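Two chains, each in its own frame: build the complex with the hints.
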Amino acid sequence: VALKVLVCVKTIEQLSDEFELTPDGREVVRERLETATNEWDLAATEEALRMREEFGGEVVILTCGDAATELGLRRALAMGADRGVRVESSARDPLSIAYALAPVVAAEQPDLVFCGVQSADSVQGATGTMLATLAGLPCAAVVRRIQYNETRRRAVIERELEGGRIARMEVHPPAVFTIQTGINRPRHANLRAIKRADAAEVKVFQAVPPPSRAYVVRRMFAPAAGGHAEFLEGDAASIARHLAGIVRERLG
Amino acid sequence: MSALVVAHHSDGEVTPATRELISAGQLTGPVTVALIARTLATLADQVDVPGVAEIVTVEVAQDAFEPDVYLDVVAALVQERRPAATLVPFSVDGIGYGPGVAARLSLGFAADVHGLALEGSQFLATRSFYGGRIHAELEFPDTAAPVLLLRSGVWAPAEGQGNAGRSTFSAPPRLSRVRHLEFVAPEVASDIDLTEASFLLAIGRAVRDADGVAQFEHLAEQIGATLAASRPLVDLGLISRARQVGQSGKIVKPKVYLAFGISGAVQHLVGIRGAETVIAVNVDPEAPIFEVADYGAVADVFDVADQLARVW
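Chains F and V, in that order, give the protein sequences. With my numbering as the guide, the letters of the first sequence map in order to residues 1 to 252. With my numbering as the guide, the letters of the second sequence map in order to residues 1 to 312.
The following block holds chain V by itself, in its conformation from the complex (with noise of 0.2 Å):
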């Protein structure tokens, strides 16, 4: 039995995670590929790589994301594939239906997982909890064939020219309750450009407030970084989404990117994956931020800030 994997895709692009999960699938030997789309062709090109055995395409009314939708086909396409595992995606439209799928078949699940191992037939997923201070190795013991919501950047994309059978699959038909509209871009101001700076001052929920946010707009423009900001401070008004760092924010590729209060969220460390240098600051000597920097100090963020302003 092979893994069944779920591509991803939008703009008529399958994600890299995609090609991520294929990777991972590989444990049970070739996988096999559902593709839910309108504009098939192009896609099912894009995931014709080594390790995919079948790409099963099915021809839903738009390319858009829709929940009910890709829930009705994926849980239809189990039940009669019987995969050894389903993998999707660990994002914003893989939690929306992937949960799902699971619930409607009663079937094993686990979300953002970061390690899988095959002991038998069965399925072992490793995830974090407690903020990544805690592992766990799961098992399935109420289901032979787990949903399971990869993490990216984990498993090395699969890469090059594969050779895999092409089959159909009819939708169920049913009209979607989750109507897809539009897609809107984000926000952006025009003079702050985050993916192409060489210097970061990133700044986190220890900041806190109006008077710490000014303290480092101050001692950016003195060290000529750029400002940028984990999701706290974005959410609290404080500081503009453009300066969002993260998996809803911006993906940065900085020469340093010096990290003052922000702990390390999983959707945080996903954006700065990319950063040459990491330099954190945090009080906290658990932050799991520490986990991937370069150089680390534990100390009050103020006070930091504040001999950093007097000796730069």
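One chain only, chain F, in its complex shape (with noise of 0.2 Å):
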């Protein structure tokens, strides 16, 4: 029984020491951010990648964004994916993007869609969610084991819970799963394998406008400083000298 896994990347931004916010106030300037495949992400790849290895089938990437996002999904298609698709979007808000992945859900019909639980420059762990919804498809929510019986057709899930708890549920595909990182570890790319990545084709599709968004940022603002603490300053030896005290006086 083959399997086709579709699995959803994003290209996260991180900020360098220095970041300017728009002059409404509502982005952050993008020239000025770095970009990163997101972690959850590649331990989603990496999980569709050993179903098919298990199972046989295909591995399928999707992103949402401009072409600049193709670095994540040609990172995974590095790893070993088949092939990538990216819907063009302006989408920022997880609504948005869920609503412009789920054509391509539905034209696919994949047996199993994967995203990472959560992105590390939004953390809001929502896209999944919604993106199953928009499919009509059932989600379980941070995966981190899947045990798949092909003759039987239904996988058992273990979610983590809060405190290291694990929930065991049954599921049966054609289903959508978030990955937590811990799942597995992603491999590396051969430098073969990323110049053959870059060059690959990826189809583009043109994004439908949402009929609805999550939210709209009225501003972006940089916090007060909320922190207290008192740093301690010179060479690594009179750190942990000043530590070194600080520590005992605490311990009593």
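If you are wondering where the hints come from, they were derived from the structure by calculation, not from laboratory data. Everything numeric in this text was worked out from a predicted model, so none of it was measured. Each hint should be verified, as a subset may be incorrect.
[Claimed, not checked] Ranges of calculated distance between the beta carbons of each label pair, as one might list FRET restraints:
id, chain 1, residue 1, chain 2, residue 2, range
1, F, 168, V, 153, 22 to 32 Å
2, F, 152, V, 12, 24 to 34 Å
3, V, 274, F, 32, 31 to 41 Å
4, F, 224, V, 153, 15 to 25 Å
5, F, 19, V, 80, 36 to 46 Å
The beta-carbon is built from N, C-alpha and C at its ideal position, and this holds for glycine as well.
Encoded structure:
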């Protein structure tokens, strides 16, 4: 039984040491942001590749954004995914992104859709669950283990709850899982695979405008330094001396 | 219009996060609490606190969380009651259905919200982006009634004896497609108990590899600390899950929490709120852990560890 797994990947943005807000204060000047592939999505990609190795089938990578967001998509291709699809969209909020991704899920008819639990730059934990709802699929969030039984065509999954407790659940695909880091150790791509992925053709679709957005950013601002930390200065030796003194005093 | 709070419970206990939502929801007056469970009576009493106008109980097949069940029930309830906002804990279960409610009903949505305000009848939510370095105020122009997943530990939980009205709501009949089988307790190593330790030496991503972990194991032994870690090193298999501090690990309350190379993701900081003194060493001066630290040092973690081993 070949499995088709669709993996949603986000190219995240990271603030460099200096950042600037746009004149309207609604976003960060994007030219000054650094980009990376979302860590949770690498785990999701790895899990899809392992399922393909065990059951056969296809791994399709899906992303949403402008051409620059192909960075994460091509990283996943370099890990060994079969092909990539990008939905061209300027959407930034999770509901708009889910609306952009949903038609691809409908067209591809995958057995499983994997998303990362959350993205490191936004931490909402929302896109996968929203996508499942829009695609009419069941969803399990924060999955740290998947056991797929091909003859019974069912998956027994483990969700990671607070405190490390586990909820074991049974799901009949098609379904959406949001994947937690630690489920596997994502493989590294070799140079040849990276070159091949950079040259791979990526299918691009235009997003339809979403019927509604999750939110609109009214303003962004740097939080007032809420910290009260006293900083220890000097070289490592003097920091260590100072630190040892504080620890001993506080332990009493 | 009042806010709808969806109660979260586990093992017959309503979680404190639920009573925090009740406090947060007072912006629009006393709230309605939805309680979805099989054994409703004792749970309902636990959410009957001041600030709750009504407790709506919804009887379902089992107490354990199933995302489909919560999605169907809460979406139906929101359609019937039209609350000013739907408040859900920003938790593992919360993200499993809360975003789905917003998607199904085309409602506004924000998660990990740590500030709420009312402007006229419109909610404004504050949350963070980019690892906490930027805050954003969000508005919900496309819908009057957003689904908001609130960060725990921000609002004080509502306490005391309330006098809420009670009503019932019938769950839409549908077979859950994600069936709960069982709970499994976390793997515990009996010799490690982070929650009782008074001195924790905690290490994070910057410690990188097995050699790094070994260095800090020695240091912990030398200075009499219990070794703990944030998630990345556990995910890499470099350190036992029993030593993980944070939302999916242990909630700790040591006298001293000495953190090396931990940047301070929200999920980690949840675990160290109870620490008396937090000392953080990190090479990145912007690391969010400095926001909660009592003492900080911007330095290479290995250099400071070397020197600490010398001077101790």
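Here's how the hints hold up against the structure:
no.	hint	result
1	168(F) <-> 153(V): 22 to 32 Å	holds (28 Å)
2	152(F) <-> 12(V): 24 to 34 Å	holds (33 Å)
3	274(V) <-> 32(F): 31 to 41 Å	holds (38 Å)
4	224(F) <-> 153(V): 15 to 25 Å	holds (19 Å)
5	19(F) <-> 80(V): 36 to 46 Å	holds (45 Å)
Hint compliance for this structure: every hint is met.
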